[in-house]
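*Asks:* Following the hints, position chain G against chain W.
Line by line, the protein sequences give chains W and G. 188 is the number that numbering that gives the first Met the number 0 gives the last residue of the first sequence; the numbers go up by one with no jumps. 188 is the number that numbering that gives the first Met the number 0 gives the last residue of the second sequence; the numbers go up by one with no jumps.
These aren't lab readings, by the way, just hints derived from the structure by calculation. We put the beta carbon where it would ideally sit given N, CA and C, even for glycine. Any given hint could be a false lead.
As the list claims (entries may be wrong) - For the chain W half of the interface with chain G, some residues (derived, Cβ under 7 Å), not all of them:
id, residue
1, ASN28
2, PRO29
3, VAL31
4, THR69
5, SER96
6, ALA98
7, VAL103
8, ALA159
9, LEU161
10, ARG173
Said to hold, decoys possible - Using C-beta positions, here's what the derived DEER-type ranges look like:
id, chain 1, residue 1, chain 2, residue 2, range
11, W, ASP139, G, THR83, 42 to 52 Å
12, G, ALA121, W, TRP133, 48 to 58 Å
13, W, GLU134, G, PHE131, 45 to 55 Å
There are 2 protein chains.
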Amino acid sequence: MPSFERRIPEGDDRERMICADCGHIDYQNPKVVVGTVVVSENKILMCRRAIEPRRGFWTLPAGYLELGETLEEGAAREAMEEATARISIDGILGVFSVARIGQVQVIFRGRFADPGAPAFAAGIESLDVALFPWEHIPWDDIAFPTVHWALNAWNACRSAPLGLPAGNPASDPRGVHRMVPSPSAGPVP
Amino acid sequence: MPSFERRIPEGDDRERMICADCGHIDYQNPKVVVGTVVVSENKILMCRRAIEPRRGFWTLPAGYLELGETLEEGAAREAMEEATARISIDGILGVFSVARIGQVQVIFRGRFADPGAPAFAAGIESLDVALFPWEHIPWDDIAFPTVHWALNAWNACRSAPLGLPAGNPASDPRGVHRMVPSPSAGPVP
Chain W
0 MPSFERRIPE GDDRERMICA DCGHIDYQNP KVVVGTVVVS ENKILMCRRA
50 IEPRRGFWTL PAGYLELGET LEEGAAREAM EEATARISID GILGVFSVAR
100 IGQVQVIFRG RFADPGAPAF AAGIESLDVA LFPWEHIPWD DIAFPTVHWA
150 LNAWNACRSA PLGLPAGNPA SDPRGVHRMV PSPSAGPVP
Chain G
0 MPSFERRIPE GDDRERMICA DCGHIDYQNP KVVVGTVVVS ENKILMCRRA
50 IEPRRGFWTL PAGYLELGET LEEGAAREAM EEATARISID GILGVFSVAR
100 IGQVQVIFRG RFADPGAPAF AAGIESLDVA LFPWEHIPWD DIAFPTVHWA
150 LNAWNACRSA PLGLPAGNPA SDPRGVHRMV PSPSAGPVP
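So that you can see chain W by itself, here it is in the shape it has in the complex (with noise of 0.2 Å):
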């Protein structure tokens, strides 16, 4: 293992992992996840997790923005990736901060990119995909929090036009609670 120790670099303000043989900081900062609504006759393409954290659980096609890409490039390829959907962004539905395990999420609502029967499949991550409308969306079985959130804000517009994003709810403003299983279904209020 590196024998990095934790300590305050010169001229910073907050404790850096630091690499004790050769001096490298390790700036670790919160990471950026983008996602999708995905949105096809008011039903809403979800995966069900074949990976860790929350396996089997249903989520949105999200994942880690990569170096070098855009946020409207990493959601399609998330998109493409879990889904095999190929799509286009129509705007920013939810900016959200997940402040207990350093995340900043956007998502976008967006609409198959090819005309005709939406085309999608389950990706390598994923065990299964499908469209639901939104009265039979998975609501026990929704992987995280954001997930909700997004859906949400998805369900206050629709196909409107879209405008000031959503962000994170009265009821967790810094994005520290835990999905907690609920015992009956419906939308997080």
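*Replies:* Frame of chain W; chain G shown alone:
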């Protein structure tokens, strides 16, 4: 120096920096910059940079989001660090991708939190801090393209309700252009 090598980890699809000694994977993802167009009576708070890159040029109070912070908390911290200003956040003005340098920027519109005359002063990373009316913004000495984009986004709405955040301009949809010294003053169209 640590002996990192660049290769594709098992199960991944792109090269990462991997420690040749211990196998530690150093995932490098884009970083989030948060900042604010802080406005007082239609004048905008700007900071002249005391540090590289772009020392001596004017920017908005902005910087890297830290682990454990929400976007709003990070933006408020940067306003305090760079301009000794206590601010309140209105909402999101712009969400920009700067693919060239692996950044996502979330820029808010904000106000001074305290009533009375705006209180601000140069923080340690600023040579100078000032409130500029739009027509006196130092257009020839702006530090970064995204400062132009954010200022233009503010000018497009001023004190009107915020709507869909601005994205990258059509002239640089991926955020890959460097700042070019402009021979004539004025905002980037």
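*Asks:* Work down the list of hints and note, for each, if the structure agrees.
*Replies:* Against the structure, the hints:
no.	hint	in the structure
1	ASN28	holds, 5 Å
2	PRO29	holds, 5 Å
3	VAL31	holds, 5 Å
4	THR69	holds, 4 Å
5	SER96	holds, 4 Å
6	ALA98	holds, 5 Å
7	VAL103	holds, 5 Å
8	ALA159	violated, 11 Å
9	LEU161	holds, 5 Å
10	ARG173	holds, 5 Å
11	W/ASP139 to G/THR83: 42 to 52 Å	holds, 49 Å
12	G/ALA121 to W/TRP133: 48 to 58 Å	holds, 52 Å
13	W/GLU134 to G/PHE131: 45 to 55 Å	holds, 52 Å
Of the numbered hints listed earlier, the single one contradicted by the structure is hint 8.
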